[in-house]
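Put the complex together from the two separate chains, hints included.
If you want the building blocks of each chain, they are given just below.
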Amino acid sequence: MAEGSTARGKTAEGTRAGGGAARSKDATRSPGRALALIVTLICVIGGLVSGRPETVALAAPFALLALSGRISSTSSTAADTVTEPSIRIQTERRLAGDSSRLRLLVTPRSTAKPSASSLVGVTLAAPGCPADALVLRADETCPFLADIPVSGEVAVLSYGSAGFSADLTATTDFVQAPPVRVTILPQLGPSLAGPVSRRLSGLSGSHTSRRPGEGGELRSIAPMQPGDQQRRIDWRATARRSADQDRLMVRRTFADAEASVFLIIDQAHDLPASTEDWFATGTDVLGQGSLHVARTAAATVAASYLAAGDRVGLDDLSGTRRALRTAAGARQLEQIRTRLAGTAVVPRRRRRRDPLPPQGAVVMVFSAFLDDEPARLLRLWHAQGHPVVGVDCVPSLERTETSAAQASTVRLTLLRRRLLLEELRAEGITVLSGSARRAPRRVPDGAPAAAPDAPLVDGALMDLGTGLRLLARRAGRSTGAGRSTASGAAPSTIRSNR
Amino acid sequence: MMRRSGQPAGVRAVPDRRGLVPLWTLRCATALTAVLLGGVVWDGMAWDGSAWIALPLLVVAAAAILPSTGLVALSLLLLVVSYAVNMPPGWPWLPVFVAGLHALFVLYLLLLPLPRHGWISLLALRELALSYLRIQALAQPIAVLALLIDDDGSNLAVVIMGVAALSSWSLWLVVRRTR
Chain X
1 MAEGSTARGK TAEGTRAGGG AARSKDATRS PGRALALIVT LICVIGGLVS GRPETVALAA
61 PFALLALSGR ISSTSSTAAD TVTEPSIRIQ TERRLAGDSS RLRLLVTPRS TAKPSASSLV
121 GVTLAAPGCP ADALVLRADE TCPFLADIPV SGEVAVLSYG SAGFSADLTA TTDFVQAPPV
181 RVTILPQLGP SLAGPVSRRL SGLSGSHTSR RPGEGGELRS IAPMQPGDQQ RRIDWRATAR
241 RSADQDRLMV RRTFADAEAS VFLIIDQAHD LPASTEDWFA TGTDVLGQGS LHVARTAAAT
301 VAASYLAAGD RVGLDDLSGT RRALRTAAGA RQLEQIRTRL AGTAVVPRRR RRRDPLPPQG
361 AVVMVFSAFL DDEPARLLRL WHAQGHPVVG VDCVPSLERT ETSAAQASTV RLTLLRRRLL
421 LEELRAEGIT VLSGSARRAP RRVPDGAPAA APDAPLVDGA LMDLGTGLRL LARRAGRSTG
481 AGRSTASGAA PSTIRSNR
Chain B
1001 MMRRSGQPAG VRAVPDRRGL VPLWTLRCAT ALTAVLLGGV VWDGMAWDGS AWIALPLLVV
1061 AAAAILPSTG LVALSLLLLV VSYAVNMPPG WPWLPVFVAG LHALFVLYLL LLPLPRHGWI
1121 SLLALRELAL SYLRIQALAQ PIAVLALLID DDGSNLAVVI MGVAALSSWS LWLVVRRTR
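Chains as they are written, first to last, in my numbering: chain X, 1 to 498; chain B, 1001 to 1179.
Don't read these hints as lab results, they were simulated from the structure.
No residue lacks a Cβ here, since even glycine has one placed at the ideal position from N, Cα and C.
Any given hint could be a false lead.
[To be verified] Quick list of simulated restraints, FRET-style, between CB atoms: (1) X:A330 <-> B:P1067: 52 to 58 Å; (2) X:D372 <-> B:V1014: 44 to 50 Å; (3) X:Q384 <-> B:R1116: 39 to 45 Å.
The following block holds chain B by itself, in its conformation from the complex (with noise of 0.2 Å):
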């Protein structure tokens, strides 16, 4: 059979098993929870025809395809300044842009030093998946107590309730696993 110009001279060795997931879909997702994410803290910028603001866009969902640290590092600022500059106090959903955040943060890193082509099993992403599940397991009561302060203002006692029950939610959380 003749072989095209451009294409491999050689033949890929393939996975002989199930179980496993293509990069590519990884790569995606990873895109589109950018491109979400940021539709999120850009649609608050008044929309003037300009098409300028797709510009944040494409390089959030680049970082997911070109391994590029300064561009992984790009994208993560880009979203973390977008929201502290458009986002309202007290925005209640915050802790699902810190999921968010954090989740795009796994998935850039974990895309970042891996050839474009490839495959996950599903028992590595369970192992990112409960990994991620323990750092929200503190981020989370974070992002609620953080909410809880910026619309309580100076309300010492509450501010106070929710420190102590943090601590003796990280607490345990660092017992539980020391154990």
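Here chain X stands alone, though its shape is the one from the complex (with noise of 0.2 Å):
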């Protein structure tokens, strides 16, 4: 088994092999024993017509045949009801060097009882795809190589089976297996540099709060004070200031305390790369569209965070399922990335309040910015005092258009998007670009003004990365001086966690 992949059958899929075996009563009539029957009352009567035995012998065969599936049918019981497929659909392995492919393994079902059919007719289908045949015999063992997503969680096969005898005219009913699902955990990239907010709020981790307390930055040196501890007592300071020795002087020090992150995810669109396929009806959910983006965004932050020992939490806009609570740790991780696996497209829901940032938390929103929610909520928790930003999920497009109404779509649907980022910039809220796009390049002085899905000027569409660590040391900066002056502007209250 891949790493990251898991296979697994829905319980719903499989009510309908039940379905199956509710017509199983008719499992062994075939459409072979009638042709044969009928070939045969043709021969035998046109031969007797015609008085030619050599008519009457082309029937015989087709006898041969008929009889052979009377006497399958008559041994066939009712105990011999087909409820499962005699075949069953293993996942292997990932093939080394093509991680975008999977190996199954199509296998006889060892559970099953054995029957009269020595053959079994597979009928598999890739999503997008129309079905393909496999017939075998029933023993045999055969690998397939299916496409996999490259991350999410999808049906990359829907198989079923029907068996039958050597002489074609004994058959089972076709049975519907539950399809190979697989999951691909979003890949984690390399680690970021983060901001954190100011108002941290936790009592461990490796952020200096501005609290107070246990940690390794110092706040002040003071008299010893009934619960100081003895540990904290300053020497050097102490022969400095304390003439006579008749008083100790300690060191009181900042509180360290760990950050927490809330990620929300935007699951109502998953727009792919290729413009041409938002016109599609038949989606490809193996490519690359923005919620995989999302995903490996998503994931990537995460990690970081969680690498500092900071608290990680993550929600969707969708309201369908519950927010995930942040937490700090490697299980966390697993359980963001599964669940960010499990993220499918979901149009949103009427939601009775908007998501709760935990206070003092980070709020990112990855979203592909085609409606006003996603800004509505940043402009809402920006308002609030969290730190925000929006990262934008739309992969690198393809302009693959093929009518001029398409066109024209596209170029309504990029202008939108741009007005709505461009207001988002203009009110602070940093929008960093998720997918590994094209740096994006200045307009000089006196040059055209930018097509409408050209990135943003001014670095408001840079890479995840190179936003996050810029918004990180601008915060670490100003946090020196915010220690002092206590200056709450939106750059000003972020800062570097590493």
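Structure below.
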């Protein structure tokens, strides 16, 4: 089994197998037997009428086939009902060097009762493809290669089987099996430096909070008070400040604390990279759309913060599942990756209340920004004092529209997105690009205006790693001044966790 | 890469082993067998330059590609009736025609429920061939017997000998199988 991929069947699909069992009374009725009978009768009657034994002799193999089918049908009893396919498909492993393909193995089901059917016809269908057939001997195995998505949870292969005898006169009913589902966890990118809030509320961690307490950063040197630990005594300061040695001086520090980060995934849309696919009816579930970009970016951000001992939580805008509360540790990372892998396109539902980030948490919204909802929430949380970052998850687009109407639609959509992102930027909300696209170019003076789908200038759509590093550095600079001046401007409320 | 219209959105799952024959090979073989058998039985008809002679050939060939029980039945009946009408009595290739017709029936029946694209393993083909030969072991003596009866007409001794030989042959096959 490949790392990060699992295969399991959905129980809901299993009910269809039960439907097949309901029709199993007719399982041994084959068109072959009926056809053989018809041809036999025609030959015999024709031969008798014309008085030619040769014509009757033509019926011999058909008569034998009909007889064989009759014997098979009478020997099969009600106990031979078919409730499950005679084969099953197991996931074997991911191909080395080609991580987009998974090796599956068609094997006979060991629990299946030995029956008269010596051949098995398997019907396989990959998503978005017409069905293929595979005829095997009942005890034969056959490995298969199937394409898997880059991330997410997808049914990579639907299949069912029907058994038939070697003379093809006896068949069992076609039984559909639960599809082979694989869950591909999003890949983790290189570790990122991320901003953290100034209002840290944790009690342990690698960041320095503004509260007095146990930590590494010096806050003040003061006379020892009841409750001060002896190991906090600063002997040099004592010798320097207490000339007659009548009082002891202790070092007071800022408390260390962990940061909280709240990741919000917008799974209302999955925008494919090829603009032609925006208008396709059958979506390419294996492609790299905006949801894949969101999964990968969110997993990378979560891994980076968790590696520094911070707490990370996860929620989605569609309100499909309960939010994953902020927590730290490797187990939390696995939970986040699993939850991210399970995200699929779900239309937004009306929610009673907006997602509620923990106090002092950095909020990151991963969205394609096709409508106002993510922008509204970013503004809301920004106004509440949370450091907010929007991550634009639209992948690098390939303009493959096939008609003028499609081209107009794409241009309008991208124009609306651009306006939305520019508004956010004007309000001081940083939006970064989650996909690895080309670095934004500055528009020189006198140059023509950028196209609606061109990247925004001034780093508004710089990539995630660079953008977060820049935010962290800017926040780190302003934090030193902020401690003395306590200024609360949006960019100065964030500082590095590295 | 840009996807052309009509091209499937996904990528097919493909087998990763040897010993598999594409179903298209089998469909072509079926169509060829059907056309050959049709060519034999319709060769006796007077060729007057009419294109209608190609119609039954098209029907029997199409039955190998289109999944239709009616088309398969029509093709088989066309061949059988044409044989009865066109072939002269005592035609020596009767056993071959019987074998061909049986093979065509088996191939039609195999392809009928299957999707157009796919594969069949050589072991499955071997299993089908063994079953085919088992039935032909009975059908061929019957065809030879029918030829003998047709040649010797009212010769009672030949008929009785033939029937006795066939019965014992069938009995031996049945007893062998039940063991």
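Hints, verified against the model:
With their beta carbons about 54 Å apart, X:A330 and B:P1067 fall inside the hinted range of 52 to 58 Å. A beta carbon spacing of about 45 Å between X:D372 and B:V1014 agrees with the range 44 to 50 Å that was offered as a hint. Taking the beta carbon of each, X:Q384 and B:R1116 are about 60 Å apart, not inside 39 to 45 Å as hinted.
In the structure shown, a violation is registered for the earlier hint numbered 3 alone.
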